[in-house]
Amino acid sequence: MTLAANQYAGMAEISLLLRSVRARVRRARLASAVLATVALTCAPLLLFTIVLGFWPSEAPGWLRLSCSVIVGGAFATGVLWFIAPALLWRPNDAQVARRIEQAAPQAGNDLINSVLLASNEHPGVNTVLVGRAIEEAAFHARRLDVSAAAQTRTIFRWGICALAAGCVFAAMWALAPARLARGLASLMPGEFVPVINSIDLVAMIPGDAQIPAFSRLTIRAEIHNDDHERHSARILIQGQPPRQMQPNENFTSFAIDMGEVEQSFSYRVQIGDSSWPRDRKAYHVFVTSPPRVESLDVTYTFPAYTRMPSRTSTGLTDGRLEAPLGSSAEVAVAISSGPVEARLQIRGKDVEPMRPGEKAGTFVATIPIVENGGYRILVADPSGRIVQSLPDGANGASLGYGDEASIRRDGFFPIVAEDDAPPKIDFVEPIADFTAAPGDKVKLRIRATDKIGLAELVLWGAPEGKDALPVHAFDVAGRTQANVEYTLDLAGKSHGDVLAFFAAGSDERTIQSLGLGPQTQRSSILRVLVKDAKAIAAENERMHREIIERLTAILRAQQSARVDTEICLRQHAGLEQMLPTARRIAQAQQQIQSSLVELAATGPFTQSMAAVRQAVAMLGNNEAREAVAQSAALSRVESLDARVAPARGLAGTQNRIISILEDLLAIMPSLAKVDAAAAESAAATVPPAAAEKLKQLADDLKQYMDEQRRAISAAADLASKPVDSLTSADMQLLHELQAVQDKWEKFMEEALADFSKLAQQDYSNPQLLKELISVRSDITMIKDALGKSAVEIATAIEENGIENAKTLTANIEKWLSDKPDREQWSMEAPLDEMNELTEQPELPTELEDLIGDLLEEEEDIFEEMQDISSQYAGSFDKGAGWDALDGPIVSMNAQGVTGNQLPNSSEISGRSGEGRQGKAVGEYVEDKAVGKGGRRTPTRITHEPFQRGEIRDENTEAPGGATGGGKISGAGGEGLEGPLPPQMKERLEQLAGRQADLVSRGKRFLRGYKVNDYASFKLLSAVTLMDQVGQDMRNYRYNNALRRREAVIESLARSRLAVGSPITVTQDVSSPMPKHVQENMSDARRGRLPEEYREILESYYRRLEQNSK
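Oh and the sequence shown: position 976 is 976 in my numbering, straight run, nothing missing.
Keep in mind the hints are simulated off the structure, nothing from the lab.
Computed from a prediction, not measured in an experiment: that's the story for all the values here.
Some hints here could point you the wrong way.
What the hints assert, rightly or not - Simulated crosslink set (BS3-like; lysine-lysine; CA at most 30 Å straight-line):
(1) K466 with K493
(2) K534 with K466
(3) K466 with K443
(4) K443 with K424
(5) K451 with K493
(6) K359 with K349
(7) K424 with K359
What the hints assert, rightly or not - DEER-style ranges, computed between Cβ atoms:
(8) H495 with D426: 26 to 32 Å
(9) R311 with S336: 52 to 58 Å
(10) R570 with A601: 34 to 40 Å
(11) N655 with E1098: 46 to 52 Å
(12) N655 with R307: 53 to 59 Å
(13) L63 with K281: 42 to 48 Å
(14) D532 with S659: 38 to 44 Å
Note that beta-carbon positions come from the ideal geometry of N, C-alpha and C, so glycine has one too.
Input sequences plus hints: build the corresponding full structure.
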């Protein structure tokens, strides 16, 4: 009910009184509720505190929890039952007025009536009368005592209860504070309940502590025990069974040795009925991790002469230091925790402290790399105790091998000082002592290499037996590899002189701190024997003859062993027959291998045969050694069926050996010609008269070229006109052109004839003569080529650039075409900048192109040869093959060609159908042959030509008899070589002509170009094989020719690679590992490596990664 305080004058005073009494009543009621709640809560709290405080040991958890719940429930009840209603109670004015009237009866009903009248709930009431009534009530209220309205009796009752509980609690605290505190703590679940000890503790050592890992720890408890009572003591460690502590003689101290502590732990000590700590659960020992090296970084500083910048390797795992001798390595370690110090110990020296680095926790030391050795890093704590040593054996590094393994076993990281190897100097050409004639000019090629850099290279020489003098100094400063040349002039030397040369060089090594200077190295001595040209020729001939004889003997032995291998494979029917032959093959292969190795080592090879020596050495230590192993395996087979695999493998190896030996023997005559020509050239000198002739000829050739330019310029209009469109003026110009041609043809003939009169011309290298012949041929060919029609040929800029990049140094530029100028070349004009960029290629690139063209044409000839033979054989009935003529067999049922006449014992001739077998020649006219039997006749070659027609041969008798011409029939056994069909014969002759042209071109390449030894050898081998292929074609043995295909193509390809690629080929002629060892290594690469090698491999690959950084 709300009063309108401003309507009646006395109502404001009454409202103020009501508010004051309402606040007093609410405070009294809230105080009473609080006291009631306290009294209600203290009763069980006090009871349970006493019970739990005097409990003999720590009360059970359930009991503690139950007591806590009861006490909490009492408190909650008091809050909900007393305090909450008191807080929520909000009496209105009417209720407060009624409460005042009950507490003061003399007030009557004035207050409640005033409240009701002022509420305007009674309409129609006289407001004047109401106002006077309210004023009167306000007047009487001023004299009322309203304090009794608060009802303090309830407060007093609950206050007494709460006071009583407080007094009991205070008394208990005064009498047994520890027990009361223990009881209160027990009412809080999860809180530690303090222990009531009967024994006084003096000291607990170490109590709470922090110690480094792996430190030894002793725990000791000291107590008051004046009566020397024998107490038992034990230590309680969480997660471990109790352990007894050892007392002293007075039982005042108890101790236990914990050993080396590896991890943190908590413990309590119990002595008698007392335990510590009393105010918490346990003491704590915290074990700190030992100082740990987090990273190991190395910064290398190299000697100045190496010109190598400083390099830093971070995160090293195996700690290995490797650098050139004289370097220094700054080792920086980062340690995880402190305070610690780091120390460095070089193997065999004292320990030295490392200086602190720029960053906290880092330490630095500089290690000079002056010798192989080792080092280690020691980490110490503030007391000086070593807490870690690197290496510690757990960093994943392998022990390594040799001295490095010993260093690691001693507990050190290895230090590897890489000594700078001295320069390596060799003669590349010639590679061995050689013979030359007086007046020769010999080119010496020297190769010098050094890992860091060369300082100087000098060629020294003198007559043998005398002190060497410097001949020539080469500029090689700062280069790691130098290939230099020097032309040795033997002018003034006499027959029988012996000159000795060697090359000496030094590097740039300078290490002042170690007192080391440059290193000097000398090559082997190269001797030059000066001999007369005839003596050289005779000696070369003898050496060639000896090499050929020894190679021939080896070839024959290998061919004999090859036959024995085939006998083992095909003819022997029992193991007792096969094994003696296999043992004989094994002995033969061992002898062949030994002969090849001996020939390569001691054979009298000339300089031109250096590549042959290398090939023999490779053959002896590769294919021949493999044949030895295969023949040994064949001689150890235990059954006849087991012979097949080793015998076939041996046969293939033997075939390769035979092929290589045949190739070497085939090129020996060519090498002999080279040596003979060199000897002849060495003896030849050009007299002054001949030199004047040559000069005159060169001047005439220049005049010739000028006139050709003018002739071509004058005939420019003829370029676009066909022959039938020429005018009289054109014809006149053409006649003048022919006159010029006649004039210069005569000049060429005279010059050529005059050139042939030179008595001492060097015909081993006929460059100029070849050019004159070429020009003369071109001029002569023009006479028959003036009637060709006009053709327009357009070329683009790109093609012009290609043509501009090609040049033939072996051809003299000629300005007279070999055909009439009937072709109009519409050449696109190049851009200006293209004219500036156009360059001429070097000679090796051109030679590569020439060899490439030769290779392509050779491949084309082989493909065409296969097409011819295949097409011809394929046209026969059921694909008959010509195995008798070395042709391919394109059908599996082809067995060879035989004649279609089986001769009788008495010779007859003429025309005939099929009859009995017998000797006969002539023409067979029947279209079918069924085989009517007859006399078997000897095999022979008959003279019949091939004839038109085809016979249907149904003969089932065994083939045999003559081979020759006749008509095409069925296939028979292998016959004798005889005439070819005309079509195939003509095609093969054409191919033989083309092959001869390729051989001629190859020989011109050999004569006209200076290439390296390996390329010359492979090109000479290819040309020799191509010549043999041509001979096979001319003899119609195209199967033989096809068998040489791979060897020819391989030689040409290798020659092209050697000429055109900037590579150096090094062939190892040393004896290889046994084949079974090679196979085991190959298998190991593919398989899973043993587990015990894991650490070694990990260390190896880590080092690779570090070096790459």
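Now the hints, each set against the structure:
With a CA separation close to 16 Å, the supplied pair K466 and K493 stays within the 30 Å bound. For the suggested pair K534 and K466, the alpha carbons sit about 28 Å apart, so the restraint of at most 30 Å is met. Of the pairs offered as hints, the one joining K466 and K443 holds, with about 23 Å between alpha carbons and a cut-off of 30 Å not exceeded. Proposed proximity of K443 and K424 is supported: the alpha carbons are some 20 Å apart, at most 30 Å.
Note on K451 and K493: the hinted pairing is violated, with a Cα-Cα distance of about 39 Å set against a maximum of 30 Å. This hinted pair checks out: K359 and K349 have alpha carbons roughly 28 Å apart, not beyond 30 Å. Only pairs whose Cα atoms come within 30 Å are accepted, and K424 paired with K359 is rejected, the gap being roughly 47 Å. Range check, H495 to D426: Cβ separation about 29 Å, and the 26 to 32 Å hint holds.
Between R311 and S336 the Cβ separation comes to about 26 Å, which falls outside the hinted range of 52 to 58 Å. A beta carbon spacing of about 37 Å between R570 and A601 agrees with the range 34 to 40 Å that was offered as a hint. Between N655 and E1098 the C-beta distance comes to about 47 Å, which sits within the given range of 46 to 52 Å. Hint check: N655 to R307, Cβ distance near 54 Å, so the stated range 53 to 59 Å holds.
For the pair L63 and K281, the supplied restraint of 42 to 48 Å is violated, since their beta-carbon distance comes to about 19 Å. A C-beta distance of roughly 39 Å is found between D532 and S659, which places it inside the suggested range of 38 to 44 Å.
Checked against the numbered hints given earlier, the structure breaks hints 5, 7, 9, 13 and satisfies all the rest.
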